[in-house]
Amino acid sequence: MENIFKFQDLILSAPQMILISGALLILLLQVILPGFRKLLAFYITLISLFASLYFVTFGIPGTAFYGLLSGNPEGGTAFQGNLRLNGYIQHYSFLILLALTIILFFIKRVFAEQKLELAEVYQFLLYIGAGSIFTVSANDLMTMYIGLELSSLPFFILAAWDRGRATATEAAVKYFFLSTIGIAFMLLGIALVYGGSGSTMLSEVFPVVFAEDSFSYKLLAAGWFLIIGGFLVKIAVVPFHGWVADVYDGAPSVITAAMASIVKISAVGAVFRILQFMQPDMHMILNTGIIIFAVASMVYGNMAPLNQNNLKRVFAYSSIAHAGYIITMFMFFPESFKAISLRTEASSALYFYILTYALTTILAFATIAYLENGEERGLTFDHLKGLSKKNPFAAFLLSVSALSFAGIPPLAGFFGKLFLLKVLLSAGYYYLAVVMIVTSLVGVYFYIRIVFYAYWDFEDENATSGMLPPFRGIFAWSAAIVTAVLVLGLGFYSESIFNFARVASELIQ
Amino acid sequence: MITGYWPYLIHFGIAAAFVAFLLFLTTKIKPANSDKAEKYPDTFECGVPRKGDARGMFNVRFYIVAVMFIIFDVEAVFLFPWAVSFLDYKATGLGLFILAEMTVFLIILFIGYFYMIRKGALQWEDPE
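Note that the protein sequences, when read in sequence, are chains A and B.
Using the working numbering, read the first sequence as starting at 1 and increasing by one per residue.
Using the working numbering, read the second sequence as starting at 1001 and increasing by one per residue.
Simulated from the structure, these hints should not be mistaken for laboratory data.
Computed from a prediction, not measured in an experiment: that's the story for all the values here.
Worth double-checking, as some hints may not be accurate.
[Said to hold, decoys possible] DSSO-like cross-link-like pairs, simulated, lysine-lysine; straight-line CA separation at most 27 Å:
(1) A:Lys-6 to B:Lys-1090
(2) B:Lys-1051 to B:Lys-1039
(3) A:Lys-115 to B:Lys-1119
(4) A:Lys-174 to A:Lys-218
(5) A:Lys-390 to A:Lys-115
(6) B:Lys-1039 to B:Lys-1028
(7) B:Lys-1119 to A:Lys-38
(8) B:Lys-1051 to B:Lys-1028
(9) A:Lys-115 to A:Lys-38
Working from the sequences, and respecting the hints, build out all of it.
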């Protein structure tokens, strides 16, 4: 038997390895270094994130690890085919690391202010990053599952980080149980796929075509839908959305920002990896389900926040609507669409949408995290009265994120929706496009309501207490400005980002 | 006309008849002067009045010990098949590789263990 271990494997999984080493270093230094301080943990996290971001962007010269910018003709596999590396996966890894870096800056400031800062937070962020990258780059269903666990377990803990509050504990328990049930069904699906085909390796299982009435085909189909269902729990589309409002509301707001962005990025990337191997006749059944789920999510996600007064719940429900927009693109992933190049259009449109959605979500929840202070954490519309005078910067950030969610033209969210609509229309799903436009028009009401409350001159604006502190902290300032500039400006570069992602997604296998 | 489902109808009928029979039997054999159900507001549970809350409080250290047990339990699960197949791997010339793999796993595990010990997970009383 030849030597199974290759040094190249470690190079191909460099971002994950750097993140995990950083996390273990924090764990170890904390107990052996006498003068250990939280700032050191922060800097270790920052350096690990920047290092992996650098490698993901520029690649490691002279090796098979291609970066985002160096082009990626073939990519490679590592660990006996358990990990797959190609340009499209690098795009998702880049997005995960970018979101984590922005969130890290916010967490530093917000948790220090709320007296929740411990070195373990940073370590958990690194585990989340490593797990998410493992999830999107897995070529084996078991590796994908382990990556998903590695990225979910820290979230259960972080959701309850503010452990003095009952709502935080409630959020953690609900999130734990519901996403564990989702993952359990996914595992059952993996077992059925293994039973049907004799392998869990994506590139081995799915090219095999069985006769439609054979037992293996039925096992494979059942396994398929259970796996996709497990991921839909993570993405939170309507039949699986029950946990979203309570969890997003109960968890600390910066953690909600991470939950709403990173979990969705990694789940969508993984579903993409799975669906591109799906058999053509199976995905026709899947498409029916996806259309129903998508329409239900769009309608529910845009109707539920209409009479909602809690700001975090508004954004939580709106994330369901956005999940509905996102999953419409899943219809175009399977192989059979390859011939008409709709798949590359859909995957690059989805990438741009996820990019804008993640940045906007982070901006929205991080701004809310800044505004809530003291014992009272639930931020309602009444608290927003007179915000533009007390804290103009926060009012601006909140308005930018709300308008981008609503899809107002110069902002990034508009271009994301535009690309999705373009794909839907060119594929002939006119009714889905109509539903999307109408429901997002309904949604504009509560997004505009946020802007209205923040900027309108209310007579009783001084009635609310001083719950709104000024925006503080150099890291948080810079992260907020960078995110806001990205949300404002990405729209102008949408075409080039779209084409950039398309080049990567044309080459995927 | 669905004809294949008549056993279910019979099943349903037997179930309903059995419930009706039991209810009828209770009215016949219970003592004539027994108390009304309103006299027992608590949950009916084997006829014994309940004492206290169902939710008991444990010291949090029990959970930590349980978690540590799980960690080393799982470690043993991984170690046994490794130990059983070690000689086979050694025969094929992969002995060093498989040893290194297990060493990496154990190092990561013991970093966690060391962290727990130093954080005082097994200190049952406060030092002072």
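Task: Numbered hints the structure breaks, given as an ascending list - done: 4, 8
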